[in-house]
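Participant: As a plain string of letters, each chain reads:
Number of protein chains: 2
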Amino acid sequence: MMHNSLTAVNDSTVAGLGRLARFFGFSEVMGRLYGTLLLNPEPLSLDDLAGTLRISKGSVSMNMRDLERWGVATEVWMRGERKKYYRAESDLWQVIRNVLDSRERREVQMALQVLGESVEKLQSANDQLSAEDQELAKYYLERIDDLQAFFEFAQMALETVLGSQETLDFETVTKIEIG
Amino acid sequence: MMHNSLTAVNDSTVAGLGRLARFFGFSEVMGRLYGTLLLNPEPLSLDDLAGTLRISKGSVSMNMRDLERWGVATEVWMRGERKKYYRAESDLWQVIRNVLDSRERREVQMALQVLGESVEKLQSANDQLSAEDQELAKYYLERIDDLQAFFEFAQMALETVLGSQETLDFETVTKIEIG
DNA sequence: AGGTACATTCAAAACGTTCTGAACGCAGGG
DNA sequence: CCCTGCGTTCAGAACGTTTTGAATGTACCT
Numbered sequence: 001m002m003h004n005s006l007t008a009v010n011d012s013t014v015a016g017l018g019r020l021a022r023f024f025g026f027s028e029v030m031g032r033l034y035g036t037l038l039l040n041p042e043p044l045s046l047d048d049l050a051g052t053l054r055i056s057k058g059s060v061s062m063n064m065r066d067l068e069r070w071g072v073a074t075e076v077w078m079r080g081e082r083k084k085y086y087r088a089e090s091d092l093w094q095v096i097r098n099v100l101d102s103r104e105r106r107e108v109q110m111a112l113q114v115l116g117e118s119v120e121k122l123q124s125a126n127d128q129l130s131a132e133d134q135e136l137a138k139y140y141l142e143r144i145d146d147l148q149a150f151f152e153f154a155q156m157a158l159e160t161v162l163g164s165q166e167t168l169d170f171e172t173v174t175k176i177e178i179g
Numbered sequence: 001m002m003h004n005s006l007t008a009v010n011d012s013t014v015a016g017l018g019r020l021a022r023f024f025g026f027s028e029v030m031g032r033l034y035g036t037l038l039l040n041p042e043p044l045s046l047d048d049l050a051g052t053l054r055i056s057k058g059s060v061s062m063n064m065r066d067l068e069r070w071g072v073a074t075e076v077w078m079r080g081e082r083k084k085y086y087r088a089e090s091d092l093w094q095v096i097r098n099v100l101d102s103r104e105r106r107e108v109q110m111a112l113q114v115l116g117e118s119v120e121k122l123q124s125a126n127d128q129l130s131a132e133d134q135e136l137a138k139y140y141l142e143r144i145d146d147l148q149a150f151f152e153f154a155q156m157a158l159e160t161v162l163g164s165q166e167t168l169d170f171e172t173v174t175k176i177e178i179g
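Protein chains in written order, with the numbering used here: chain E, 1 to 179; chain X, 1 to 179.
Heads up, some of the hints might be wrong.
One copy or two, either will do: identical chains are not told apart, so a pair holds if it fits within one copy or between any two.
Lysine-lysine pairs mimicking DSS-like chemistry, simulated, CA-CA at most 30 Å apart [claimed, not checked]:
| no. | residue 1 | residue 2 |
| --- | --- | --- |
| 1 | LYS57 | LYS84 |
| 2 | LYS138 | LYS84 |
| 3 | LYS83 | LYS57 |
| 4 | LYS138 | LYS121 |
| 5 | LYS83 | LYS138 |
Simulated from the structure, these hints should not be mistaken for laboratory data.
Starting from the given sequences, assemble the full structure and let the hints guide the process.
Facilitator: Right under this line is the structure:
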């Protein structure tokens, strides 16, 4: 049994990562699994994880698969062992990039596409519209313009982060300029 | 009844904002209410909203209160009217800032506080630890360092966005520099 | 081939969240 | 001072999500 203080720190970190996961739209269990792995120098098996977190093995199995798919944990082959072992991807910058790249990017692009289609639809329908509807269409176009600007901003921010290909130490990032 | 194309655009925009709201951890209904208001030149009453979105008045009442609390919609007094009317805050930049300021900021600060406490706890317990536990504590401190760096990065990004007090046109934002 | 030790799957259950609508409260008008 | 029209509340229902554990699949060992 390890010291009290280590247990306390472990607990709050695991809980915090669960929270963070939930915040990013993942399941809390995924975050806790990641936290548990992150704080273990050695890789852990599914049974280890199920035992530590007191959840069913089935749940561990499914959630670990997701974590792997997101590039947040990696399977580790232990020779002579038949169990599956996992290790946390500890380069957080890489984790963030994985998630942003495969999820937020798509989301933003879809939004921009839908907005673009809306603009087209309104423009091409314009001469079939009553005077009243034309006014409303103009109003819609203004609002859609704002939304487009917002998503373009988001897109740019994403590309900037994703574009910095080097494994960037967070510590070295000191300033973000907008302008 | 308005033209077909207007209805289609309205629908997809409202749906999209519902999606966006969900993405940011709000209820989908909040997003749809905001969308409906955003696409209406005139303020709408609770009954208008309930009717348009086909949801109960009770739900509209509660969700609109939340939207107001987040600074995303505003009540509008219509003289001679006893109904409550709402208008969307249409400055998206302002909406973002409201949300980031009252929610993400706290979240990040709490995380940093917990992490700081963890570091203290580990350091002050260090001489009571067995050799083995000391090694583990060292490992924990490395992981915690990474997490701190991540949250400090997030904090800085937030402050940057929140710091730009002028009502910034998204269009004018062309570049984010990291370095 | 049979047995063992694991991982995976999935239907049912537990749980949490959101919605509804009836009941209530409140204000203004007649 | 009651009636009407509105907003708010909240218990229960509906719904969606997550968890569990038993059944199943799979690979290795003897």
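Participant: All the hints need checking, so say for each whether the structure fits it.
Facilitator: Results of checking the hints against the structure:
1. LYS57 / LYS84: Classified as within: same-chain Cα gap 12 Å, cross-chain 52 Å, threshold 30 Å.
2. LYS138 / LYS84: Answer is between; shortest inter-copy Cα gap is 27 Å, intra-copy 59 Å.
3. LYS83 / LYS57: within (13 Å within a copy, 55 Å between copies)
4. LYS138 / LYS121: For LYS138 and LYS121, only the intra-copy Cα distance (12 Å) is at most 30 Å; the inter-copy one is 60 Å.
5. LYS83 / LYS138: For LYS83 and LYS138, only the inter-copy Cα distance (28 Å) is at most 30 Å; the intra-copy one is 63 Å.
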